[in-house]
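Residue numbers (the numbering used here), protein chains in the order written: chain A, 946 to 1143; chain B, 488 to 583.
I should point out that these hints are in silico values taken from the structure, not numbers from a laboratory. Watch out, some of these pointers could steer you wrong.
To be verified - Per the computed footprint, the stretches of chain A lying under chain B, defined by three or more beta-carbons under 8 Å from a beta-carbon of chain B, are:
{"no.": "1", "region": "956-970"}
{"no.": "2", "region": "1001-1015"}
{"no.": "3", "region": "1061-1072"}
{"no.": "4", "region": "1109-1117"}
Said to hold, decoys possible - So the derived label-pair ranges between C-beta atoms look like this:
{"no.": "5", "chain 1": "A", "residue 1": "973", "chain 2": "B", "residue 2": "538", "range": "34 to 44 Å"}
{"no.": "6", "chain 1": "A", "residue 1": "1110", "chain 2": "B", "residue 2": "488", "range": "27 to 37 Å"}
{"no.": "7", "chain 1": "A", "residue 1": "1009", "chain 2": "B", "residue 2": "562", "range": "12 to 22 Å"}
{"no.": "8", "chain 1": "B", "residue 1": "574", "chain 2": "A", "residue 2": "1087", "range": "14 to 24 Å"}
{"no.": "9", "chain 1": "B", "residue 1": "525", "chain 2": "A", "residue 2": "1081", "range": "15 to 25 Å"}
{"no.": "10", "chain 1": "A", "residue 1": "953", "chain 2": "B", "residue 2": "525", "range": "14 to 24 Å"}
{"no.": "11", "chain 1": "B", "residue 1": "538", "chain 2": "A", "residue 2": "1117", "range": "50 to 60 Å"}
{"no.": "12", "chain 1": "B", "residue 1": "562", "chain 2": "A", "residue 2": "1087", "range": "26 to 36 Å"}
What the hints assert, rightly or not - Quick partial rundown of chain B residues pointing at chain A, CB under 7 Å, derived from the structure:
{"no.": "13", "residue": "493"}
{"no.": "14", "residue": "499"}
{"no.": "15", "residue": "511"}
{"no.": "16", "residue": "521"}
{"no.": "17", "residue": "558"}
Glycine included, C-beta positions come from ideal geometry on N, C-alpha and C.
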Amino acid sequence: MSVGFWEIFALLLLVGTGLAVVRLQNAVHAALALIANFLVVAGLYVALEARFVAMIQIIVYAGAIVVLFLFVIMLLSAANANVGQDLLPRLPWVAGLGALGLAGVLTFAVTRFQPPAEVPALGGGLPQALGPLLYDPEKWLYALLAVGFLLLVATVAAVVLIEPERIIAATSHPAHPHPAEPRSPDAAQKDERVVTKR
Amino acid sequence: MIWLIASALLFSIGAYGVLTRRTAILMFLSIELMLNAAALSLISFSKLLGSLDAQVVVLFIIAIAAAEVAVGLGLIVAIFRRRETTSVDELRQLRG
């Protein structure tokens, strides 16, 4: 297969943005580099006849997921987003050599692959072609339902993880919905009034 | 074929990030990179074999990544509220 100018260009962009994600010291900058990497990959998807997946990649990955990352980075550690001693202090060369070895093994493995001589056309990977596969009970329908259930469970789990004490308290004492919440002075005064009336 | 090699490189970069980063959020960013590399290799195989099934699997990968990020970032926020840190070197309770 011939390797043209734009393939080399896209490969350099891909590796460059990936290295930026793992090497940039500022967490916000790393997340922005991740957006760039996702956009490059989405462009590759279009070139590889997967247009619907490219659209989902931009909307879900580069849109929703990275925005969630940025939101949490800014919520938690805007002051210490610049993590100076973030990189591993000991043996960084071992990690680098391990990654290089992994790259070598994976490249060796994928270059063993011999594509068949004749392949059917993908038709651009449009939703009209993907939809019937996705909703076919003999293909992917049950996997789709399982993924939907997984997303529901993950959403509930994320909500529960943030405030476990409040949720346990609210569900075990229905008469007092939010006992863990700090009470406002007005509410305390009202309680005192009730007590004095008695 | 070059995109299979590109996805191998991207996966190795993500692995390097997971090994060298010490902040949980940045390790998550590197894991996203590795998931993305796996998806890219699936799309390359879809093109090489002329099969749309791999593209459906990539849609599932994206959905599972979204679920993982929701739970993972919830965990990080919960840990940060309790311990005031997201550095995995300072979270040693599970080390025994």
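Open item on the list: Given a hint of 34 to 44 Å, does the C-beta separation of residue 973 of chain A and residue 538 of chain B actually sit inside it?
Closed with: With Cβ atoms ~39 Å apart, the hint holds.
Task: Per-stretch coverage check for the region 1001-1015 of chain A, three Cβ contacts closer than 8 Å to chain B - done: holds (count 8)
Task: Hint check: 7 Å Cβ-Cβ cutoff, residue 499 of chain B to chain A - done: Since chain A brings a Cβ to about 4 Å from residue 499 of chain B, closer than 7 Å, the hint holds.
TODO: Against chain A, run the beta carbon of residue 511 of chain B and see if the smallest gap drops under 7 Å.
DONE: violated (10 Å)
Open item on the list: Range first: 14 to 24 Å. Now tell me if the beta carbons of residue 574 of chain B and residue 1087 of chain A are that far apart.
Closed with: At 41 Å between Cβs, range violated.
Open item on the list: For the region 1061-1072 of chain A, count the residues whose Cβ lies under 8 Å from any Cβ of chain B; is that count three or more?
Closed with: n = 6 at 8 Å, threshold three: holds.
Task: When the least beta-carbon distance from residue 493 of chain B to chain A is tested against 7 Å, hint result - done: holds (5 Å)
TODO: With chain A as the partner, please determine if residue 521 of chain B meets the hint condition of a C-beta pair closer than 7 Å.
DONE: Since chain A brings no Cβ nearer than about 10 Å to residue 521 of chain B, farther than 7 Å, the hint is violated.
Open item on the list: 14 to 24 Å was suggested as the range; check whether the CB atoms of residue 953 of chain A and residue 525 of chain B agree with it.
Closed with: Since the Cβ atoms of residue 953 of chain A and residue 525 of chain B sit about 23 Å apart, the hinted range of 14 to 24 Å holds.
Task: Interface hint status, residue 558 of chain B versus chain A (Cβ within 7 Å) - done: holds (5 Å)
- [ ] Could you check the hint for me, namely that residue 1110 of chain A and residue 488 of chain B are 27 to 37 Å apart, CB to CB?
- [x] violated (54 Å)
Open item on the list: For the hint 26 to 36 Å, verify it against the beta carbon of residue 562 of chain B and that of residue 1087 of chain A.
Closed with: holds (29 Å)
The structure fails hints 4, 6, 8, 15, 16 (numbered hints given earlier, in ascending order).
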